[in-house]
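Going down the list, the sequences are from chains A and B. Letter 646 of the first sequence, counting from 1, is numbered 646 in the working numbering, and no numbers are missing. Letter 263 of the second sequence, counting from 1, is numbered 263 in the working numbering, and no numbers are missing.
These are computed hints drawn from the structure, not numbers from a lab. Computed from a predicted structure; not experimentally measured. Please note that a few of the clues may not be correct.
Just so you have them, the derived chain B footprint on chain A, three or more residues with Cβ under 8 Å [claimed, not checked]:
#1 55-63
#2 194-201
#3 313-322
#4 458-469
#5 576-589
#6 670-676
No farther apart than 25 Å at their CA atoms in a straight line, the calculated lysine-lysine pairs in the DSS-like style are these [unchecked claim]:
#7 B:LYS459 - A:LYS289
#8 A:LYS441 - B:LYS441
#9 B:LYS568 - A:LYS454
#10 A:LYS441 - B:LYS289
#11 B:LYS454 - A:LYS568
#12 A:LYS454 - A:LYS468
Label-pair restraints from in silico Cβ distances [unchecked claim]:
#13 A:ASP354 - B:SER136: 48 to 58 Å
#14 A:GLU331 - B:THR333: 17 to 27 Å
#15 B:GLY447 - A:THR135: 46 to 56 Å
#16 A:GLU331 - B:GLY447: 46 to 56 Å
#17 A:GLU323 - B:THR333: 20 to 30 Å
#18 B:ARG511 - A:GLU323: 30 to 40 Å
#19 B:ARG308 - A:SER291: 26 to 36 Å
#20 B:ARG358 - A:THR583: 32 to 42 Å
For each residue, glycine too, the CB sits at the ideal point set by N, CA and C.
Protein chains: 2
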Amino acid sequence: MQKKLLLIALSLPGLALAAEGMWTLDNLPMNRLQAEYGFKPGPEWIKNTMLSSVKLPGCSGSFVSKDGLVMTNHHCASGCIEQLSTAKQNYVSNGFLARKHSEEQVCPAMELNRLEDITDVTEDVRKATAGLEGTSFKQAQNAIEATLTAACVGDDKEKTRCDVVDLYHGGRYHLYKYHRYADTRLVWAPEKAIAFFGGDPDNFNFPRYDLDIAMLRVYENGKPADIKHYFPFSKNGPQEGEMSFVTGHPGSTQRQLTMAQLISLRDIGLVDSLQHTAELRGVVTQYRKTSPEAARTADQALFGIENRYKAGTGRLQTLLDPEFMARQQAEETALRQFVNSRPELKEKIGGAWDAIARAQDSYRQLFRVTNMTEGAEAFNSNYFRLARMLVRAAEEKAKANAERLPEFIDTRLPAVQQNLFSKAPIYPEFEKLKLTHSLTKMREDLGVDHAFVKQVLGKLSPEQLTDKLIDRTRLADVEYRKTLWNGGKEAIALSDDPFIKLALAVEAESRTYRKRMEQEVQAIVQKNSELIAQARFAQSGTSVYPDATATLRLSYGEVKGWDQGEHKIRPFTNFAGAFERDTGAYPFALPASWQAAKGKLNLQQPYNFVTTNDIIGGNSGSPLINRNGEIIGLAFDGNIHSLGGAFWYDGRSNRTVAVHSGGILEAMDKIYNARELLKELTGK
Amino acid sequence: MQKKLLLIALSLPGLALAAEGMWTLDNLPMNRLQAEYGFKPGPEWIKNTMLSSVKLPGCSGSFVSKDGLVMTNHHCASGCIEQLSTAKQNYVSNGFLARKHSEEQVCPAMELNRLEDITDVTEDVRKATAGLEGTSFKQAQNAIEATLTAACVGDDKEKTRCDVVDLYHGGRYHLYKYHRYADTRLVWAPEKAIAFFGGDPDNFNFPRYDLDIAMLRVYENGKPADIKHYFPFSKNGPQEGEMSFVTGHPGSTQRQLTMAQLISLRDIGLVDSLQHTAELRGVVTQYRKTSPEAARTADQALFGIENRYKAGTGRLQTLLDPEFMARQQAEETALRQFVNSRPELKEKIGGAWDAIARAQDSYRQLFRVTNMTEGAEAFNSNYFRLARMLVRAAEEKAKANAERLPEFIDTRLPAVQQNLFSKAPIYPEFEKLKLTHSLTKMREDLGVDHAFVKQVLGKLSPEQLTDKLIDRTRLADVEYRKTLWNGGKEAIALSDDPFIKLALAVEAESRTYRKRMEQEVQAIVQKNSELIAQARFAQSGTSVYPDATATLRLSYGEVKGWDQGEHKIRPFTNFAGAFERDTGAYPFALPASWQAAKGKLNLQQPYNFVTTNDIIGGNSGSPLINRNGEIIGLAFDGNIHSLGGAFWYDGRSNRTVAVHSGGILEAMDKIYNARELLKELTGK
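Assemble the whole structure, with the sequences as input and the hints as a guide.
Written out as structure tokens, the structure is:
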């Protein structure tokens, strides 16, 4: 039986620090908000916030007009911007502005989702998996998820998406129902030089001077979507000390992991994977210097790599910090003592930590070969990604819904198709670069004599195999992909495309490792994490927030600088600062449009600012709103101290970095002369 | 007063495991040798071993004929081989063979040293530094070192080198006197394709199929040096289970560090530095693909980078291994309990571990900026290296010997000059690549707003500054370097060379950080490590061997495979295996000379093999000798399990990888037709 949740906040005494927490909208920390800021959001405020928030792939956004206008970061829309560009018409470097709807261009592969409803399905999931272990447990979980989401979506697959969301590591399962927007168009993007001014050196730093914004518009039935809930713009923006909310989709935090999991994460998820990322960064950095076209086609990927690299390095620092680890150990010890002091809990939950630790040993044995095979790290190419998707879809679609791999259940197929039939360009030279490198790393990491390496390479070098695959594949052709999709297993089996043949050849081995990882690691971790979550609820109720899960959360805080050793970092920068930082050389070169407009600009206009809001990757593009639900800024980054936020929130220095709403309007007006957009946002 | 040591071995009961240990030749584990192998080397055996062993920069070698012929690894001589090559005459890819003395070519920058004498100077050093702290301690240590080495070298600077060697981390100080060979010539090198067959994928692995050998010859007064002690060749080589010795110069181990030091090493020396190395690897890998000339000029550096990367990754695995760390912790706890149980030790030594731990905190604060400035990581270019050497030499030569930086005391100047006036080519394009990258990393790591970054870059980008420096420098001209050297401080001050000006500009800041690091970290660690060494001696005498210090050591062991999970790894490979592994594609392509000779070769001839000898980086090029002092092999690598050997010796799987002496002779004879060399080695 499913229990419908009302959007009513629970009000239990909390453990979290001031401003800490990424709260689900059905469980806001009302008492704390009241006590700290004298503010208690009402049901309408909460509902409007939820319905004005949008999820983008890996990012966040918000509705800012009744005509479907969506604000997000430039770096969240840059995939689309790059895909719409060509060597001759480069919107990445030159920017883009549609002055009327007919000039807005369709993003080749961008689906937006808006959360509409939350249902508690914890009991359904518990019942379905009760008493099961390993693969059976995993399969039962997949099956109930397929059933629940199918019922939730009903007949409206095109416009509805439903996900079962695992909160508190299995402490609660909620069913999230989204409105799907599959037709998204580009409206405005400034030049990358100003969207990402300061580039990698300034990334995760502050003071900052970035106009990291893009405007998109969602369409339905070929017309701008009719939107009832959206955030109006505040021209004045916030004052120092003013309360701020961030509503968005933080991707993932690890604040509730066990010590054994944290150590795995340190050694494998960070130390090991950062070395790989660093090397790939070197390869792509050097490649992009070989020609302007190489730079154009590689820069989007490079941004992702550098962002991941820097974020990972910051997170690693926290896991190498003996003080932090001691703090986590103390928390874990306290919780275990709490459990052991209650016989009924001890009996049921006492062994959970050791079980998870043992699963980590299996993980250490399996991770490398599983990443290479099932994780496809050996085959870093869009062609392989498409080939595997086609091969697996053919196999899975032939099965009953509840028996499929979860990424191919009926309710997910529209998203799979959107991805598979995207017209986003693929650049063969860049694909060769990535694939050669990843095949080389496969050989290095697994060893020359590993059976999988021998199967893949035979007597070929990574370069030779790459050429053989990429020179002959037809997967760049969307029509060919449609033929294979429609042709099902038979078409796949008959295809002579070298990537399809490769994906087929490595399928058995890949699935074997996936299954072993599920059985020997994931199922054990999931089951025992549920137990630990129950212990936490017994200890402190739901007055704690769940780890981030790429679902909608609200964080609260205020506009505030911080102390950096002896330096006091002020919370605001202004336009004058951007001109002072300009060196004329990448990545510190202001674009020509800014140079030209300098005389017209109010140089004292606040431009970027920081707040104490608790956010993490995935929150990029989130609006900052004030108590009135008005947009006062656009989150685009965290400072360097926010990176440890994956593991804990340190209010002394963890800061959200945002573009000021007044700065956005000033730039639209004086630099970009975007009159139509301004009118849509402000009515003027 | 100095106490002359005789080459007599101490015979105390030992703590070390069988085959464990890199023993100084004046303290061999005689009882253990006798007990385990029934072999007790006599004074003549030991003396002959010492005088037949040679130290190369970062490597080892041995005399193998009375005419100054030196055997080492190809990868130890590859600097010379590459420096003697040109785009047209590529000895790296084609190999090199001098059929008579007149064809032997002078290596532009290679000095060889042979250890001749060891003197205990512990008391002299102790007296000089007694009661001193911080910088005074460091300066007194430098001064006594300058005095002792000056007296040791006497008037014979050209042919004598003396070093004070710090053993047992300050437990003992010995004065090592070397014969210098400054005129080294290339005699033979096979093609790199076979010297490094399997390339990076096979590096630190086994089975192997490498002919990683080069022959050099030292000259004196323009003629081949007259050598009394050398190792004869064994054509048969060793049998499985046969005893083997390795004599060579292992660079550095960390088996006697405190837990606090191991954790620093993990976080800074490995995790942090490996990320940098991985990225540089990616940059250089991609650069070398841009043209054959780029590959030729970058490959020597790339080998070093990849070797360091893989070795570091292996070492890191050990420091991330909870079992290993627990073992070290137990050892440290036991030693501390031993100290605390004896009031006189507790009073004097009890605080040493905590003092070292506090120094590590300072190290964490200082390492990054010190590496960038004093460590010159910001300026990764041979031009800067030369510029700094010239700038510092001018400053230091003007001071009294005992007051100089230790690398510029009188007895070191010949080596400085050899380095400074080397005719080794410098490749401007490759220098640009490295310098641009390192300046970029400086900006990233210290931050755009760091005072040092602003001083170095001003408003220039790393690319712009690099071009400005490299396009205008004259430091490629050896004559210009000589002019600056001879002109001293005045010439330096007047030079308009951009690298000289840069080196001068960053000198004050660099020296400041050097001094802080010495005062706040090194002096404290040195003083307290001496105390801990005294505790160890009190606990177990000198029946333990000191950590490796790039000085002559002997290790013993035997020819033996190992168990890899369920696989049994056999100790020998043969020529047939090399042909089986050949794919025709780099790095698994046998050279044409091998293909041509296949019919003539004895394919069953043992080629590479493994032993249990305890070695580490720096041992490359070491001979393996049998009880009769005959060469049975040439060490060129360790297996993957040997990498943890930096921290402990695990006899179950730690293996030395060597070329078989019979394999060397067979290849010389049948593939390279090197009759003259064969005759010199075997008399036939």
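Results of checking the hints against the structure:
no., hint, in the structure
1, 55-63, "violated (count 0)"
2, 194-201, "holds (count 3)"
3, 313-322, "holds (count 4)"
4, 458-469, "holds (count 5)"
5, 576-589, "holds (count 5)"
6, 670-676, "violated (count 0)"
7, B:LYS459 - A:LYS289, "holds (21 Å)"
8, A:LYS441 - B:LYS441, "holds (24 Å)"
9, B:LYS568 - A:LYS454, "holds (20 Å)"
10, A:LYS441 - B:LYS289, "holds (17 Å)"
11, B:LYS454 - A:LYS568, "holds (20 Å)"
12, A:LYS454 - A:LYS468, "holds (16 Å)"
13, A:ASP354 - B:SER136: 48 to 58 Å, "holds (53 Å)"
14, A:GLU331 - B:THR333: 17 to 27 Å, "holds (26 Å)"
15, B:GLY447 - A:THR135: 46 to 56 Å, "holds (49 Å)"
16, A:GLU331 - B:GLY447: 46 to 56 Å, "violated (32 Å)"
17, A:GLU323 - B:THR333: 20 to 30 Å, "holds (22 Å)"
18, B:ARG511 - A:GLU323: 30 to 40 Å, "holds (33 Å)"
19, B:ARG308 - A:SER291: 26 to 36 Å, "holds (31 Å)"
20, B:ARG358 - A:THR583: 32 to 42 Å, "holds (41 Å)"
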